[in-house]
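Asks: As you go down the protein sequences, you meet chains A and B in turn. Residue numbers 1 to 789, in the numbering used here, belong to the letters of the first sequence in order. Residue numbers 1001 to 1160, in the numbering used here, belong to the letters of the second sequence in order.
Just so you know, the hints here were simulated from the structure itself, not pulled from any lab data. All values reported here derive from a predicted model rather than from experimental measurement. Take these hints with a grain of salt, some might be off.
As the list claims (entries may be wrong) - Partial chain A-side listing against chain B, Cβ under 7 Å, derived:
{"id": "1", "residue": "I23"}
{"id": "2", "residue": "M418"}
{"id": "3", "residue": "H511"}
{"id": "4", "residue": "V709"}
{"id": "5", "residue": "T710"}
{"id": "6", "residue": "T712"}
{"id": "7", "residue": "A717"}
{"id": "8", "residue": "A721"}
Ideal Cβ positions, reconstructed from N, Cα and C, are used throughout, including at glycine.
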Amino acid sequence: MTAEAPTKVIGKALKRREDPQLIVGQGNFLDDIKLAGMVHAVVLRSPYAHARIRSIDTSRAQAHPGVVAVFTGEDMLDINPLPCAWAAAGGRVQNNLNTPRALAVGEVHFAGDAVALVLAEDRYVARDAADLIDVDYEPLGVVVDARKAVEPGAPQLHENAPNNVIFKWDCGDAAATDAAIGSAEVVVREEIINQRLLPTPMETRGALARYESSTGEYTLWTTSQAPHVMRLLLTAFVFGIPEPKLRVISPNVGGGFGQKIFCYNDMAFTMWASKKIGRPVKFVEDRSENFKYSTAGRDHISDVEIAGTRDGQITGLRVQTYANLGAYISTIAPGIPTTLYGRIITGVYKIPAAYAHVTGVYTNTAMVDAYRGAGRPEASYLIERMIDRFAAEIGMDPAEVRRRNFIQPQDFPYHNGMGLLPYDSGNYEPALNRALEMVGYADFRAEQARARAEGRYLGVGLSSYVEICGVAPSAWIGLPGEGWGAGLWESANVRVHLTGQVVVTTGSLPHGQGLETTFAQLVADELGVAYENVVVEHSDTAGTPFGYGTYGSRSAAVGGTAIVKSTAKIKEKARRLAAHMLEASVDDVVFEDGKAYVRGSPDRSKSIGEIALQASVAYSLPEGMEPFLDETTYYDPPNCTFPFGTHIALVEVDGETGAVTLQRYVGVDDVGTVINPLIVDGQLHGGIAQGVAQALFERGVYDDNGQLVTGTLMDYAIPVASSLPSYELDRTVTPSPVNPMGVKGAGEAGTIGSAQAVMNAVIDALAPFGVKHLQMPATAERVWKAMHG
Amino acid sequence: MSTITVTVNGKAHTSTVEPRTLLVHYLREHLNLTGTHIGCDTSQCGACVVHVDGKSIKACTVLAVQVDGASVTTIEGLAPAGELHPLQEGFWECHGLQCGYCTPGMIMAAADLLQQNPNPSDDEVRHGLEGNLCRCTGYHNIVRAVQYAAAKMRGDEVTA
Chain A
1 MTAEAPTKVI GKALKRREDP QLIVGQGNFL DDIKLAGMVH AVVLRSPYAH
51 ARIRSIDTSR AQAHPGVVAV FTGEDMLDIN PLPCAWAAAG GRVQNNLNTP
101 RALAVGEVHF AGDAVALVLA EDRYVARDAA DLIDVDYEPL GVVVDARKAV
151 EPGAPQLHEN APNNVIFKWD CGDAAATDAA IGSAEVVVRE EIINQRLLPT
201 PMETRGALAR YESSTGEYTL WTTSQAPHVM RLLLTAFVFG IPEPKLRVIS
251 PNVGGGFGQK IFCYNDMAFT MWASKKIGRP VKFVEDRSEN FKYSTAGRDH
301 ISDVEIAGTR DGQITGLRVQ TYANLGAYIS TIAPGIPTTL YGRIITGVYK
351 IPAAYAHVTG VYTNTAMVDA YRGAGRPEAS YLIERMIDRF AAEIGMDPAE
401 VRRRNFIQPQ DFPYHNGMGL LPYDSGNYEP ALNRALEMVG YADFRAEQAR
451 ARAEGRYLGV GLSSYVEICG VAPSAWIGLP GEGWGAGLWE SANVRVHLTG
501 QVVVTTGSLP HGQGLETTFA QLVADELGVA YENVVVEHSD TAGTPFGYGT
551 YGSRSAAVGG TAIVKSTAKI KEKARRLAAH MLEASVDDVV FEDGKAYVRG
601 SPDRSKSIGE IALQASVAYS LPEGMEPFLD ETTYYDPPNC TFPFGTHIAL
651 VEVDGETGAV TLQRYVGVDD VGTVINPLIV DGQLHGGIAQ GVAQALFERG
701 VYDDNGQLVT GTLMDYAIPV ASSLPSYELD RTVTPSPVNP MGVKGAGEAG
751 TIGSAQAVMN AVIDALAPFG VKHLQMPATA ERVWKAMHG
Chain B
1001 MSTITVTVNG KAHTSTVEPR TLLVHYLREH LNLTGTHIGC DTSQCGACVV
1051 HVDGKSIKAC TVLAVQVDGA SVTTIEGLAP AGELHPLQEG FWECHGLQCG
1101 YCTPGMIMAA ADLLQQNPNP SDDEVRHGLE GNLCRCTGYH NIVRAVQYAA
1151 AKMRGDEVTA
């Protein structure tokens, strides 16, 4: 029997298989899970940004009806502080890594720091009881700004970090850059602030732990982008128990954006408390806790100098950045403003001399770690803003300056001189040209001039970006290199069951990215089976191979390649088994489109289903062949991938109020080969929205006392539908040579490309007012002040 | 404690609740209808939108005792089991959701919007959903999804 090969699905805009449960309310998010005997946990948080804890009296809370137990940090000294997994730069910062404990001991370092834990039968009761805990604090000095924190006399957070300095890190050629800037025709200097952002996944974070005394085993349900890594960190570093004693499950996760990569105190205290009281313990943040305690993103202050010639050649770039990492070190925090920022500061340009110096700083604020793009948006914003500053200075069209300095197609693989792996492939000018064409750039300047004559202020802003996806080759990013404390390979197992159903288990996992759909498309085409017959399993450390998780736009490029390599092994075994079944020589049998056949005699064939059946029932296998089609791959990529593109924003600034309206947004992205265009476009839309939001709306603000002023969604302005336009997207396709599919990654590109497009447009609109730079976000108040000097 | 009688998704429930119990907690904790989500604590995000007597409300801002005698529809009851409401279909067809956390509230808010305005412009959809936050989609495909449903409910030809 020869079945027709199923239709190819790679490149098709299949609607997602994840959706049916989510659109009818049958999702299974953390707070939807109830276990028998489960208690609710509420955390008492420090109202002070920095204080010594003199005493804690929990007696009134413990006596409150319905309260099961109350614990403080002193009770949990038998578990270790949370580990840092990325000390950066060969571990240079390991002597002062201050990481959080499950609950603070002795001192609190930011407003929201966890002080006590209340467990009760009901979440309302637990909250009532938390109010009954009496804590005697001795307030200490507070500093929230990274530049101020390193000044002499600033309040000190940790004894082992003089001047609050966590690390001083650099890359590039300092001497050559000094020389280039010293001898340049034109030098432009600017202070560039990349403000603190609050990632704001719509589902907050949390953890539910169950301990079984009979086996000594824990199960932890948690809102994690990396359950295997959580298991490793919690068992080996925090609890000191064998790894198999903990099973970690990520149920449906309601958005992550980086904030849910990390190991958090609630994972530790729910596990600890569950063992202590012998009942399951659930903790779910409310939104204000998510803002106060869970990690923030960005928060850089940079002094930047860009140098070049009057005819538009960039000759040098020097960057000095203060990166605010908050009160403690989050799981991978030091790696973000170093490897993922400094090393790609030159963007899409051939800059002969560049140098970046980064000072990582403790402040009395919530921890800062990866947020969508993680270092690359900061780099991209900085260089793209400075290119526009430079273009304005020499009176040249910003598109032309970009064109003159682009890395050229023949330059790939391209070494940027900053210690980064070579850019894999690229062709930057077609994306720029297409984006210019889509916005009608040639006509826009005339329209802008007409509008200015009428007192209307239009602006156009360009952003040509490149970013680092598919992180990362372990030999490069690991401890001897970039300081990551493990590998960054990814795993996949593919099995073809007796019924012909294909089961794929992956270490990557989706929290909105549609990976079940995308991965099934890959496997269906590779094995020549129907898409419907492929099941993708993930998110549970029981039943999936160890994997590093989903972040850094790595799931398709690294996780997807692991899958493709497993299917290749399946096909090879199927070919050998088919030769046996067909009584043909292995060398004469070809596997193609879901069947193995004898070369030259396509009617002598066996379908993958027939082969899987034989492999399973195993009556007759070739000498030495094991039963079953079951292959696992641990894939370590040889390089990262480097998506790129050009985004253009058109804005109008209201001359009376300073309000900015984003009129059009065009993005031409090159993410390599596209597996599912519906999903890729969706990723770009969401990414763009977050970058636009940084440019126009969002800013996490602390007052001088360390109080988070933007502590709720009333104060922290994530965009609503009416504040954003529809996006006009197109793409170029430059396949990556790094992996067999040619994919690059799309999860963060939109965010990395967008903030500077909008800011460049706003500042372009304000040119008649002599405005050369404006810090984000471009709120009406800030714009109005800039216009009125 | 207070005793309330509420019809939820067509089924009558008589329950004893604390007077301070929020409707969203009543639905989720007492009735195990966990499709209605909680995304904030200040009535901004709209993840908890349900219909009370046919009108959309934020279930985090209403006490359970306030719906005594009322009829509540949640995402679980928007369409008969095994069927999809045109909005649910539209969100699926148009990739109007990614993580899916805001989706139930977004769909319930959109259902009320289309009851009031069966033929909205894109701008009217965007303004009509201002009480609902989505962090994944950038709203582009949510607008398409609502227009898909609006067209289908009007009996027009639909395109994803």
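Asks: For each hint, tell me whether it holds in the structure or not.
Replies: These are the hints, each one checked on the structure:
1. I23: Constraint on A/I23 satisfied, holds at 4 Å.
2. M418: Hint violated; A/M418 Cβ to chain B Cβ min 31 Å, cut 7 Å.
3. H511: 6 Å, holds
4. V709: Violated - the Cβ of A/V709 stays beyond 7 Å from chain B, reaching only about 14 Å at its closest.
5. T710: Since the shortest Cβ distance to chain B is 12 Å, the answer is violated.
6. T712: 5 Å, holds
7. A717: 10 Å, violated
8. A721: A/A721 check passes; min Cβ-Cβ to chain B is 4 Å, inside 7 Å.
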